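As they're listed, the protein sequences go chains B and L.
So the first sequence is numbered by the numbering used here: it starts at 2 and just counts up by one.
So the second sequence is numbered by the numbering used here: it starts at 2 and just counts up by one.
Each hint should be verified, as a subset may be incorrect.
Treat identical chains as interchangeable: a pair holds within one or across any two.
[What the hints assert, rightly or not] Below are the BS3-like pairs computed for lysine-lysine, each with C-alpha atoms no more than 30 Å apart in a straight line:
#	residue 1	residue 2
1	Lys108	Lys125
2	Lys167	Lys125
3	Lys108	Lys167
4	Lys108	Lys33
5	Lys99	Lys125
6	Lys67	Lys33
7	Lys125	Lys164
8	Lys67	Lys108
9	Lys99	Lys167
In short, the hints are calculated from the structure, not lab data.
All values reported here derive from a predicted model rather than from experimental measurement.
2 protein chains.
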Amino acid sequence: MINEDYTPEAVILANGEYPTHTLPLRILEEAKFVACCDGAANEYISRGHTPDVIIGDGDSLSPEYKERFSSIVHQIADQETNDQTKAVLFLQEKGFRKIAIVGATGKREDHTLGNISLLIDYMKEGMEIRTITDYGVFMSVNGTQTFESHPGQQISIINFGAKGLKEEGLVYPLSDFTNWWQGTLNEAIADEFTIHCTGEYLIFLAFV
Amino acid sequence: MINEDYTPEAVILANGEYPTHTLPLRILEEAKFVACCDGAANEYISRGHTPDVIIGDGDSLSPEYKERFSSIVHQIADQETNDQTKAVLFLQEKGFRKIAIVGATGKREDHTLGNISLLIDYMKEGMEIRTITDYGVFMSVNGTQTFESHPGQQISIINFGAKGLKEEGLVYPLSDFTNWWQGTLNEAIADEFTIHCTGEYLIFLAFV
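Bound-form chain B, shown alone (with noise of 0.2 Å):
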């Protein structure tokens, strides 16, 4: 069972809006390890935190914490992948596999929706990741799974080819979805809610 008890091995705080929520907020302020993509890392240093690296080229940083923090900045050079992924694989080469990103969305929405389809991908990498926005959690999953809930949970679902979708403990009944929207909206109705299928979704599961 999937549930909220997750305790990522390092955080990646993206190029998006700074979180406010206490959620994300928690994870930033409590994680092990913190990759700032760095047009995110000014703010998290002017607010008293310093980062482990600081992924990107530095030009988003003011000139004094270029200088300052010069030592930790890492640039990868690749026009394939946006900065999240950056962050993502230079985590994945030091070891970590349980990830957890804040502030990757918020901004422009073609940024959201890049940021927040990447996670099939990460996934079929065998990296465990989930992205904890202001309003819920995304999380990438393949076939069936049992999700832990509360009654009334706002829970959407995003096929990426999933086949067999059938629910169990939802409002709404699921089908194999064609567009993004057939599956939002859903309603957890208990404690625990499980999605059957074969094949690659996202799952947002909304705080309330």
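Got chain B; can you put chain L on it based on the hints?
Here is chain L on its own, set in the frame of chain B:
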């Protein structure tokens, strides 16, 4: 050629974050007909505007507004659609075809995903609908199309089953992408670009 000149016959103010960018605000200001989803109506009214219709059960309205605007609250009982789609269906029935949606993003990310992906379904219904956010414009497209752009403009293409994707006038090559992120973070080279393909896709034209 698709360009920025877009005078919608009606505007939907959806339940996400109230727009802050001048372009969606101007579209809302100049709208000939405004349909407010009821979660957005309080703020629209308190800013001194009067919607032409409020779509929803009115439960999100303040008690004062609920009484004052009761005559324009239009309730559609349908558990299969969200408020944005209810507003689209209402406007379609009134004969509107060319619609701008503002305020559709910026809160719960699953709602953002749902609202954006619905543009594909609206296109299948013969509607011409654009979502204008604080960062750019989303539209649904079927087949080969040329778009007006400016050099360096950020462009993202999200594939909904289109085949034979090829670009003309973009920095990075297109292919038949299978995951959302693969078509993000492209860039226009000059004043126009063309996407060649058969089938449907979403395009995001950033303001920058």
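Quiz item: Which numbered hints are broken by the structure, listed smallest first?
Solution: Violated hints: none at all, because every hint is consistent with the structure.
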